[in-house]
Amino acid sequence: MSTEPIKSIKDLPLDENLFPGTPACAGCGGLLTLRHCLKMLGDKVVIVNAAGCFTLLSIYPFTPFKSSWLYTAMACAPAGAQGVRDALDILIEKGKLNPGDDLKVLVLTGDGAAYDMGLSSTSGAIYRNLDFYYICYDNEAYGNTGFQQSGATPFASRTKTTPIGKDFPKKDLFEIWNSHKPPYLATISPAYPVDLANKFKKAEQYKGPKLFISLTPCPPGWSTDPSHTFKLAKLAVDTGIWALKESVSGEVKHTFVPGKFKPVEEYLKEQGRFSHLFKPERKEETLGKIQEMVNEYWKQYGVLL
Amino acid sequence: MLKLRFHGRGGQGAKVASRITGTAAFLEGCHVQDFPLYGAERRGAPISAFTRISRGTIMERGVIPNPDITIVMDQTLLSDPQAEPLAGLKKNGVVFINTPDSPAQVKDEYNIDAQVVTLDITNIGLDMLGSPIISTLAGAVASRIVGIGEESLKNAVEKELSKIITDQKLIAKNIEAAIYCFRTLELLKIKTIQTTQRQDSVIRMPFEPAKISTPSINTTASSLLKRTGNWRLFKPFWDHDVCTKCMICVTRCPEGCISLNEQGFPVADYEHCKGCMICAEECPKKGIKAVRESGSDSVEVMGT
Ligand code: SF4
Ligand code: SF4
Ligand code: SF4
Numbered sequence: 001m002s003t004e005p006i007k008s009i010k011d012l013p014l015d016e017n018l019f020p021g022t023p024a025c026a027g028c029g030g031l032l033t034l035r036h037c038l039k040m041l042g043d044k045v046v047i048v049n050a051a052g053c054f055t056l057l058s059i060y061p062f063t064p065f066k067s068s069w070l071y072t073a074m075a076c077a078p079a080g081a082q083g084v085r086d087a088l089d090i091l092i093e094k095g096k097l098n099p100g101d102d103l104k105v106l107v108l109t110g111d112g113a114a115y116d117m118g119l120s121s122t123s124g125a126i127y128r129n130l131d132f133y134y135i136c137y138d139n140e141a142y143g144n145t146g147f148q149q150s151g152a153t154p155f156a157s158r159t160k161t162t163p164i165g166k167d168f169p170k171k172d173l174f175e176i177w178n179s180h181k182p183p184y185l186a187t188i189s190p191a192y193p194v195d196l197a198n199k200f201k202k203a204e205q206y207k208g209p210k211l212f213i214s215l216t217p218c219p220p221g222w223s224t225d226p227s228h229t230f231k232l233a234k235l236a237v238d239t240g241i242w243a244l245k246e247s248v249s250g251e252v253k254h255t256f257v258p259g260k261f262k263p264v265e266e267y268l269k270e271q272g273r274f275s276h277l278f279k280p281e282r283k284e285e286t287l288g289k290i291q292e293m294v295n296e297y298w299k300q301y302g303v304l305l
Numbered sequence: 001m002l003k004l005r006f007h008g009r010g011g012q013g014a015k016v017a018s019r020i021t022g023t024a025a026f027l028e029g030c031h032v033q034d035f036p037l038y039g040a041e042r043r044g045a046p047i048s049a050f051t052r053i054s055r056g057t058i059m060e061r062g063v064i065p066n067p068d069i070t071i072v073m074d075q076t077l078l079s080d081p082q083a084e085p086l087a088g089l090k091k092n093g094v095v096f097i098n099t100p101d102s103p104a105q106v107k108d109e110y111n112i113d114a115q116v117v118t119l120d121i122t123n124i125g126l127d128m129l130g131s132p133i134i135s136t137l138a139g140a141v142a143s144r145i146v147g148i149g150e151e152s153l154k155n156a157v158e159k160e161l162s163k164i165i166t167d168q169k170l171i172a173k174n175i176e177a178a179i180y181c182f183r184t185l186e187l188l189k190i191k192t193i194q195t196t197q198r199q200d201s202v203i204r205m206p207f208e209p210a211k212i213s214t215p216s217i218n219t220t221a222s223s224l225l226k227r228t229g230n231w232r233l234f235k236p237f238w239d240h241d242v243c244t245k246c247m248i249c250v251t252r253c254p255e256g257c258i259s260l261n262e263q264g265f266p267v268a269d270y271e272h273c274k275g276c277m278i279c280a281e282e283c284p285k286k287g288i289k290a291v292r293e294s295g296s297d298s299v300e301v302m303g304t
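Top line first, the protein sequences correspond to chains L and X.
Going by UniProt numbering, the first residue of the first sequence is number 1, and it counts up by one from there.
Going by UniProt numbering, the first residue of the second sequence is number 1, and it counts up by one from there.
Hints listed in this document are in silico derivations from the structure and should not be mistaken for laboratory results.
Treat the hints with care, as some may be off.
If you anchor each label on the Cβ, the simulated ranges turn out as follows [to be verified]:
1) X:LEU185 - L:ASP172: 53 to 61 angstroms
2) X:GLU150 - L:GLY272: 40 to 48 angstroms
3) L:ARG128 - X:SER162: 37 to 45 angstroms
4) L:LYS262 - X:THR244: 44 to 52 angstroms
5) L:GLU204 - X:THR244: 29 to 37 angstroms
Note that CB positions come from ideal geometry on N, CA and C, so glycine has one too.
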């Protein structure tokens with residue numbers, strides 16, 4: 001792949017490595033993210049998939065992938081990836097695999113596995129400097145089992161298990177991972193595919209853990225119209241709720257800062273999971289608190305005063 | 001005992017429809033059971049739900065392979081081998097099909113040997129509720145076919161919907177639309193006999209040896225064989241006259257099923273497009289319209 005940065009969507013690779021006919025919901029934001037990620041990763045990949053919505057992508061005898069795919073339990077995809085990486089390395093060492101035919105190892109998880117059950121296994125893999133990619137599609141709840149709260153569920157979001165809204169904020173997985181100082185770590189969004197693509201191009205230069213978290217709208221869970229998926233992913237970035245950033249060996253840089261931040265309300269009011277903040281009456285205090293949390297974040301980086 | 005099987009797509013409300021029918025029958029003093037069955041697939045994929053209604057105790061459990069009444073909430077399911085909504089329908093049974101076509105047309109087209117009732121409840125949903133979520137309407141239709149009274153239906157809709165939505169106005173609109181569907185259908189006589197017109201094939205998984213039943217990780221993109229195109233209610237329709245070939249729609253399709261034709265214009269793979277309408281929503285030229293799917297013909301009902 002050329003090292004020139006991608007400038008517009010017209011420069012994105014046309015090849016697809018994720019094919020249609022998947023069992024994912026119409027309008028799944030996670031699927032859109034994965035499609036772009038796999039375009040960048042190519043087809044020489046072994047996907048190690050922790051249980052979640054995307055373990056449904058391959059249902060015997062059908063697979064939407066060009067590459068190999070391995071299913072693990074929720075907690076142990078990074079451990080599975082270690083096994084695959086070791087096996088590939090042994091094959092190369094024994095001369096049974098040409099290093100040019102080597103495969104990239106990719107862990108694919110939802111937020112349930114990434115933020116909660118698989119966190120210790122991921123921490124171990126980063127700590128061991130395992131050479132792998134990790135993509136978390138974060139729809140902010142356990143989407144596959146009916147949208148129960150996860151460690152990624154944001155403050156005030158309604159889920160099956162937080163019917164009146166969650167009363168504490170989301171875990172900061174980026175910061176948890178960043179404290180391990182991995183070679184490359186980024187947040188991405190399906191609404192910013194050029195930013196996403198360039199992050200994969202950059203990550204390619206590093207050996208070791210390359211981690212990506214994508215905030216991905218989920219129409220059934222968020223109670224949104226499938227056609228609004230892209231719009232919501234973009235609003236999350238443009239309101240400052242989802243910061244697009246990267247970290248190289250622990251040093252954080254924002255890759256995109258909205259020129260003018262939209263009020264968070266624009267993002268919240270579109271979604272059924274936040275509808276209790278607007279109906280039957282407006283919950284000014286909660287809305288104010290969410291805006292304040294976003295402002296605090298950006299102040300910390302000197303973007304807002 | 002009357003046994004009903006509902007066939008819908010994830011998100012259309014088959015489960016709620018079966019609940020409404022069950023609750024309405026319960027309010028008429030019957031014993032009832034209702035439950036859904038989901039596959040591994042997600043919103044838009046075929047699902048079924050079941051209702052048993054009896055004057056006496058119901059001892060039977062499990063899915064209903066031989067329904068007296070089948071409610072098909074989406075006409076496209078009739079030709080879906082995964083759904084097989086007509087499988088096991090009893091002789092003289094009733095099948096309701098959500099379609100603008102007449103019963104005679106549908107009977108002919110799908111070779112159905114049963115009493116056929118049709119009504120375009122998706123259109124009624126769009127007109128009266130502003131959305132194609134048709135749980136209440138399918139519940140109303142089923143209640144009518146079963147012979148439940150209007151008052152019980154009304155109360156059942158209210159009771160079931162209050163559990164899932166808080167918007168009182170929307171509940172009132174649903175009741176109005178339900179009564180409209182209920183009154184539009186004529187009362188039928190149902191007297192079924194056990195023989196079935198099609199082979200009973202509801203979920204019978206053969207036992208396969210490990211070599212076959214273990215997924216092969218070497219297969220490439222075999223999902224293309226799965227036609228997810230019939231998940232959709234609306235299909236995107238391109239107007240190449242206004243298209244500037246900006247590629248935005250191509251980039252924003254989660255399924256990756258928009259490609260470029262020889263002239264560089266986007267075209268969709270309708271065999272797989274799930275009809276999410278992100279492409280239509282995002283096209284800066286408004287060059288993609290959402291066109292309603294209805295059987296073989298498509299009627300334009302919604303600008304984008
Ligand atoms: S539940 Fe949400 S994340 Fe899961 S497949 Fe559906 S849209 Fe995607
Ligand atoms: S409606 Fe458009 S964006 Fe959605 S699956 Fe079909 S072609 Fe893709
Ligand atoms: S988004 Fe609209 S203008 Fe752009 S390529 Fe697609 S149809 Fe053409």
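Okay, the hints, checked on the actual structure:
The beta-carbon spacing between LEU185 (chain X) and ASP172 (chain L), approximately 56 angstroms, falls within the hinted interval of 53 to 61 angstroms. Taken as a hint, the range 40 to 48 angstroms is violated for the pair GLU150 (chain X) and GLY272 (chain L), whose Cβ atoms sit roughly 31 angstroms apart. For ARG128 (chain L) and SER162 (chain X), the Cβ-Cβ distance of about 53 angstroms falls outside the hinted range of 37 to 45 angstroms, so the restraint is violated. Remark: the range hint 44 to 52 angstroms for LYS262 (chain L) to THR244 (chain X) is contradicted by a beta-carbon distance near 26 angstroms.
For GLU204 (chain L) and THR244 (chain X), the hinted distance range of 29 to 37 angstroms is satisfied, since their beta carbons lie about 32 angstroms from each other.
Going through the hint list in order, the structure does not satisfy hints 2, 3, 4.
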